[in-house]
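Trainee: Work out the full structure, taking the sequences as your base and the hints as a guide.
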Amino acid sequence: MSRPRRDPRAERDNRTVESRGRTRLDFGRRETLPVSGRMRRDPWREWAASLAGETDGERKRYDRSQRQMNRAEAVRFARARETLDATDISPGQPALRVIDEPAFLVFAVVETAGGRLSRFDRQVLGAARLLADAGDGGGAVVAVAPESVEGLGEAGADRLLHLPRAATQRGRTAALKAAVDRLAPRHVLLAEEGDGADCARRLSVALGEPLFANVEHLTARQAVRAIRNRGAEIGLAPPRLMTLGEDRAKPYEAVPCEAREIEGGPATAPADPAILSVEIVPGDPAKLSLSETDFVVSAGNGVSDFAAFRDLAAAMKGTPGASRVVCDAGLMPRTAQVGASGTVLAADCYLALGISGAPQHLQGIAGCEHVIAVNTDLHAAMIERAGLAIVQDAQLVMPALLKLLQERET
Amino acid sequence: MKTVVLLSDARNPVSGRAQLSRLEAQAIGLAAELDESPQGLHVGPGEEGVSAGLGHGLCGLDVIEAPEGEDPLPALAAFLATSLKSDEPPALVLCGRRGEGGLDTGLVPYLLAEALGLPILADAVALRPGEASDTLVVDQAMAKGARRRVTIRLPAIVTVHPLAPPPLPFAFGRMRRGEIRRHAADVSEVPVDVDAGERPHRARPKLMRTAGTASGGANLHVGPDPEEAARLILAYLEDNGIRRYGQG
Ligand SMILES: Cc1cc2nc3c(=O)[nH]c(=O)nc-3n(C[C@H](O)[C@H](O)[C@H](O)COP(=O)(O)OP(=O)(O)OC[C@H]3O[C@@H](n4cnc5c(N)ncnc54)[C@H](O)[C@@H]3O)c2cc1C
Numbered sequence: 001m002s003r004p005r006r007d008p009r010a011e012r013d014n015r016t017v018e019s020r021g022r023t024r025l026d027f028g029r030r031e032t033l034p035v036s037g038r039m040r041r042d043p044w045r046e047w048a049a050s051l052a053g054e055t056d057g058e059r060k061r062y063d064r065s066q067r068q069m070n071r072a073e074a075v076r077f078a079r080a081r082e083t084l085d086a087t088d089i090s091p092g093q094p095a096l097r098v099i100d101e102p103a104f105l106v107f108a109v110v111e112t113a114g115g116r117l118s119r120f121d122r123q124v125l126g127a128a129r130l131l132a133d134a135g136d137g138g139g140a141v142v143a144v145a146p147e148s149v150e151g152l153g154e155a156g157a158d159r160l161l162h163l164p165r166a167a168t169q170r171g172r173t174a175a176l177k178a179a180v181d182r183l184a185p186r187h188v189l190l191a192e193e194g195d196g197a198d199c200a201r202r203l204s205v206a207l208g209e210p211l212f213a214n215v216e217h218l219t220a221r222q223a224v225r226a227i228r229n230r231g232a233e234i235g236l237a238p239p240r241l242m243t244l245g246e247d248r249a250k251p252y253e254a255v256p257c258e259a260r261e262i263e264g265g266p267a268t269a270p271a272d273p274a275i276l277s278v279e280i281v282p283g284d285p286a287k288l289s290l291s292e293t294d295f296v297v298s299a300g301n302g303v304s305d306f307a308a309f310r311d312l313a314a315a316m317k318g319t320p321g322a323s324r325v326v327c328d329a330g331l332m333p334r335t336a337q338v339g340a341s342g343t344v345l346a347a348d349c350y351l352a353l354g355i356s357g358a359p360q361h362l363q364g365i366a367g368c369e370h371v372i373a374v375n376t377d378l379h380a381a382m383i384e385r386a387g388l389a390i391v392q393d394a395q396l397v398m399p400a401l402l403k404l405l406q407e408r409e410t
Numbered sequence: 001m002k003t004v005v006l007l008s009d010a011r012n013p014v015s016g017r018a019q020l021s022r023l024e025a026q027a028i029g030l031a032a033e034l035d036e037s038p039q040g041l042h043v044g045p046g047e048e049g050v051s052a053g054l055g056h057g058l059c060g061l062d063v064i065e066a067p068e069g070e071d072p073l074p075a076l077a078a079f080l081a082t083s084l085k086s087d088e089p090p091a092l093v094l095c096g097r098r099g100e101g102g103l104d105t106g107l108v109p110y111l112l113a114e115a116l117g118l119p120i121l122a123d124a125v126a127l128r129p130g131e132a133s134d135t136l137v138v139d140q141a142m143a144k145g146a147r148r149r150v151t152i153r154l155p156a157i158v159t160v161h162p163l164a165p166p167p168l169p170f171a172f173g174r175m176r177r178g179e180i181r182r183h184a185a186d187v188s189e190v191p192v193d194v195d196a197g198e199r200p201h202r203a204r205p206k207l208m209r210t211a212g213t214a215s216g217g218a219n220l221h222v223g224p225d226p227e228e229a230a231r232l233i234l235a236y237l238e239d240n241g242i243r244r245y246g247q248g
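These protein sequences, in sequence, are chains R and H. Taking full-length UniProt numbering, I'd label the letters of the first sequence as residues 1 to 410. Taking full-length UniProt numbering, I'd label the letters of the second sequence as residues 1 to 248.
Worth flagging that the hints you see were computed from the coordinates, not collected in a lab. Among the clues, some could well be false.
[As the list claims (entries may be wrong)] Which residues of chain H face chain R? A partial, calculated answer using Cβ under 8 Å:
no.	residue
1	R153
2	P200
3	I242
[To be verified] Here are the simulated EDC-like cross-link-like pairs (lysine to aspartate or glutamate), alpha carbons at most 20 Å apart as the crow flies:
no.	chain 1	residue 1	chain 2	residue 2
4	H	K144	H	E238
5	R	K403	H	D134
6	H	K144	R	E246
7	H	K2	H	E36
8	H	K85	H	D134
9	H	K206	R	E292
10	R	K403	H	D225
11	R	K250	R	E150
12	H	K144	R	E263
13	R	K317	R	D305
14	H	K144	R	E46
15	H	K2	H	E131
16	H	K206	R	E233
17	H	K144	R	D195
18	R	K60	R	D26
19	H	K85	H	E114
20	H	K206	R	D26
21	R	K403	H	E227
22	R	K177	H	E114
23	H	K206	R	E369
24	H	K2	H	D87
25	R	K317	H	D239
26	R	K317	R	D284
27	R	K317	H	D225
28	R	K177	R	E263
29	H	K144	R	D284
30	R	K60	R	E46
31	H	K144	R	D133
32	H	K206	R	E253
33	H	K206	R	E193
34	R	K287	H	D139
35	H	K144	R	E279
36	R	K403	H	D139
37	H	K144	R	E369
38	R	K317	R	D328
39	H	K206	R	E246
40	R	K250	R	D305
Since we're looking at a predicted model, the values are computed, not measured. Note that the Cβ used here is the ideal one computed from N, Cα and C, for glycine as well.
Mentor: Written out as structure tokens, the structure reads:
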């Protein structure tokens, strides 16, 4: 096997850079892969990445303790040092995934209710990522959102397209259709829930394109949906317009993408002449059923002052819940029981006051993304499960929380 | 106000027999609050399943007889277009969210709205007449118990959400008394394009909703002051976007 001969002089010229009036050599730059085809560690870049700060402009301070850059830091790094092309800090640990010239686009329409990405939004973005990487890949995911929200890049969006928040669904669809006409995406994905489902059907009619609704199984090669009241199913190569069922696609978890903003959305959405007024009536968390709410404040055997607990739940705008012991004792209604023999929650957040975390109870909160535990026992299972664990007497924390909330209100 | 409820050719998923879809029964309940004699409209091979709608509160039922598997849209659109031009035009057309026995895409109300040039609203849980005549106030279900209250100019098409009030109880006598009017359809011979590759449904598991312990136990505070603990809890809630306090 013959290898091309190295030309040291040419390489040297190639690496020469002018800096502060002196000629320097940049050994960090590599135009081509090494002949072996394997990626090499790049110590220069690693050092550059672990630069924590410069004191007085001359003494450099490095943080070499964290060899694995976590994703948030990698994104920050990529933003802070634009001169360094942040594709590879070190093989296997790229900082930011950049698709400069996408071969095609995949639209993921996200609701971003309350100014953040919901779990379902992430799943839609994950499914779009899957389609964009299908086949030869090279596609870019365009998150179509009314506003820029945090975490779009981490959720797999290469681009962000602003669509004005329209008062009516018809206006929103018209704006979306204009964007689809302009950018001609290969796929358009929406969530089969609420406004997303409505918008998908309006779009399907406006574009005159069939809708593949409520996809249950999605791979790069086929999309499957149930028909005949779930008696049969059909599978096709992923069509253009789809809505995704909830909990049917994995959210994206690899290297963050850049979520760069692009032009192309119309500035205003047209109004709907048939709609005379629109008003949002917020749900009252105290009256919601446990299975419908997004935030549960729950009391266990460690809570003795239930009047204060009810006040706290109301002040925190959460739905009150309880463990079985409390419901058995008649301190809270049976409908408030959380757990295997009570309600299995679909909430985002769970605040557990004085609950030990028995397996039957933990089953009920398996789907909660955020758990906060207040317990006197450091070794309680709930403390282990929690994202924020506080080892303290719940009887003392409740009045403190109430007081703090009252201060905030005024 | 004159209300028409569209009844689909729903099938029981196990036996395959025709039945009344629950959501359409709920729609009949909503219609009965607005109109003392709500009417049903069905396109399909017969009234076997949908006649139960009479027992749930419909006063009359129009059945347009069309062979099984035929696209109901042209017949529906033609029938509604003529009744919209009649002396007593329907003000409101109610439907379910999607079929339960066909292709189940939920596109029919939207295509119908397009064909008739009517506005459409989705996911209604409550309906009441608006203050001005020819208007309707629709409460739309949204996530987390919120409702969107929309006032819409009639005539309009509205689809119903499963959180709407439960259907009226079934009464056999009402079903026997209800009037069924049969119409012949101009058979268009255009069957719905059933996609090739239809196969028995396989139940696929949904994703587990397990939460990643994102903070990895680093967020453990042993014996903080109660005030400090309260501050930590509120900060955690606000950082994760669960609630905002002190902003109304
Ligand atoms: C078949 C079966 C089904 C069940 N189903 C359910 C179910 O659906 N839901 C359910 O909840 N349970 C269920 N249980 C019961 C479950 O096993 C536990 O008994 C129950 O969850 C315990 O409730 P707890 O954590 O409130 O009480 P405990 O286990 O008594 O825990 C109290 C906790 O509070 C702490 N504590 C005490 N004082 C304070 C204080 N001042 N401040 C802060 N913390 C304090 C303690 O350290 C302890 O960790 C079921 C049991 C069985 C057998």
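Trainee: Work down the list of hints and note, for each, if the structure agrees.
Mentor: Hints, verified against the model:
1. With 8 Å as the threshold, the beta carbon of R153 (chain H) comes within range of chain R, its nearest partner Cβ sitting at about 5 Å, so the hint holds.
2. At about 6 Å, the closest approach between the beta carbon of P200 (chain H) and any beta carbon in chain R falls short of 8 Å, and the interface hint on this residue holds.
3. A hinted interface residue such as I242 (chain H) counts as satisfied when its beta carbon comes closer than 8 Å to some beta carbon of chain R; here the least separation is about 4 Å, so the hint holds.
4. The straight-line distance between the Cα atoms of K144 (chain H) and E238 (chain H) is roughly 18 Å, inside the 20 Å bound, and the hint therefore holds.
5. With a C-alpha separation of about 50 Å, the suggested pairing of K403 (chain R) with D134 (chain H) is violated against the 20 Å cut-off.
6. Restraint check for K144 (chain H) and E246 (chain R): the C-alpha separation of about 15 Å stays at or below 20 Å, so the hint holds.
7. Taking the CA atoms of K2 (chain H) and E36 (chain H), the gap is about 9 Å. The hint holds against a cut of 20 Å.
8. This hinted pair checks out: K85 (chain H) and D134 (chain H) have alpha carbons roughly 16 Å apart, not beyond 20 Å.
9. Between K206 (chain H) and E292 (chain R), the direct Cα distance comes to roughly 19 Å. Compliance with the 20 Å bound is thereby established for this hinted pair.
10. For the suggested pair K403 (chain R) and D225 (chain H), the alpha carbons sit about 14 Å apart, so the restraint of at most 20 Å is met.
11. For the proposed pair K250 (chain R) and E150 (chain R), the alpha carbon gap of about 19 Å is at most 20 Å, so the pair holds.
12. Between K144 (chain H) and E263 (chain R), the direct Cα distance comes to roughly 32 Å. Violation of the 20 Å bound is thereby established for this hinted pair.
13. Under the criterion of a C-alpha separation no larger than 20 Å, the hint pairing K317 (chain R) with D305 (chain R) is consistent with the structure, at around 19 Å.
14. Proposed proximity of K144 (chain H) and E46 (chain R) is contradicted: the alpha carbons are some 46 Å apart, above 20 Å.
15. Proximity of K2 (chain H) to E131 (chain H) is assessed by CA-CA distance (about 17 Å); at most 20 Å being required, the pair is judged to hold.
16. For a cut-off of 20 Å, the pair hint linking K206 (chain H) to E233 (chain R) stands: about 16 Å separates their Cα positions.
17. For the suggested pair K144 (chain H) and D195 (chain R), the alpha carbons sit about 13 Å apart, so the restraint of at most 20 Å is met.
18. Of the supplied pair hints, the one linking K60 (chain R) and D26 (chain R) holds, its CA atoms being roughly 18 Å apart against a limit of 20 Å.
19. Note on K85 (chain H) and E114 (chain H): the hinted pairing holds, with a Cα-Cα distance of about 17 Å set against a maximum of 20 Å.
20. Between K206 (chain H) and D26 (chain R) the CA atoms are separated by roughly 51 Å; this puts the pair beyond 20 Å, and the hint is violated.
21. This hinted pair checks out: K403 (chain R) and E227 (chain H) have alpha carbons roughly 9 Å apart, not beyond 20 Å.
22. For the given pair, K177 (chain R) sits about 15 Å from E114 (chain H) by alpha-carbon distance, which is consistent with the 20 Å threshold.
23. Note on K206 (chain H) and E369 (chain R): the hinted pairing holds, with a Cα-Cα distance of about 17 Å set against a maximum of 20 Å.
24. Restraint check: the Cα-Cα separation between K2 (chain H) and D87 (chain H) comes to about 12 Å, which is no more than 20 Å; the hinted pair holds.
25. For the hint linking K317 (chain R) to D239 (chain H), the alpha-carbon distance of about 16 Å falls within 20 Å, and the restraint holds.
26. Annotation: proposed proximity of K317 (chain R) to D284 (chain R) holds, straight-line Cα distance about 8 Å (limit 20 Å).
27. Between K317 (chain R) and D225 (chain H) the alpha-carbon distance is near 24 Å, which puts this suggested pair outside the 20 Å criterion.
28. As the CA atoms of K177 (chain R) and E263 (chain R) are separated by approximately 15 Å, the hinted pair is consistent with the 20 Å bound.
29. In summary, the hint linking K144 (chain H) to D284 (chain R) is supported, as the alpha carbons are separated by about 9 Å, within the 20 Å threshold.
30. Annotation: proposed proximity of K60 (chain R) to E46 (chain R) holds, straight-line Cα distance about 14 Å (limit 20 Å).
31. Under the criterion of a C-alpha separation no larger than 20 Å, the hint pairing K144 (chain H) with D133 (chain R) is inconsistent with the structure, at around 33 Å.
32. Note on K206 (chain H) and E253 (chain R): the hinted pairing holds, with a Cα-Cα distance of about 18 Å set against a maximum of 20 Å.
33. At most 20 Å may separate the alpha-carbon atoms for a hinted pair to count; K206 (chain H) and E193 (chain R) meet this at roughly 16 Å.
34. For the given pair, K287 (chain R) sits about 17 Å from D139 (chain H) by alpha-carbon distance, which is consistent with the 20 Å threshold.
35. Among the hinted pairs, K144 (chain H) with E279 (chain R) is consistent with the structure: their alpha-carbon atoms are about 16 Å apart, no more than 20 Å.
36. Taken as a hint, the K403 (chain R) and D139 (chain H) pair is broken in the structure, with Cα atoms around 36 Å apart against an allowance of 20 Å.
37. As the CA atoms of K144 (chain H) and E369 (chain R) are separated by approximately 16 Å, the hinted pair is consistent with the 20 Å bound.
38. Under the criterion of a C-alpha separation no larger than 20 Å, the hint pairing K317 (chain R) with D328 (chain R) is inconsistent with the structure, at around 25 Å.
39. Proximity of K206 (chain H) to E246 (chain R) is assessed by CA-CA distance (about 8 Å); at most 20 Å being required, the pair is judged to hold.
40. Under the criterion of a C-alpha separation no larger than 20 Å, the hint pairing K250 (chain R) with D305 (chain R) is inconsistent with the structure, at around 42 Å.
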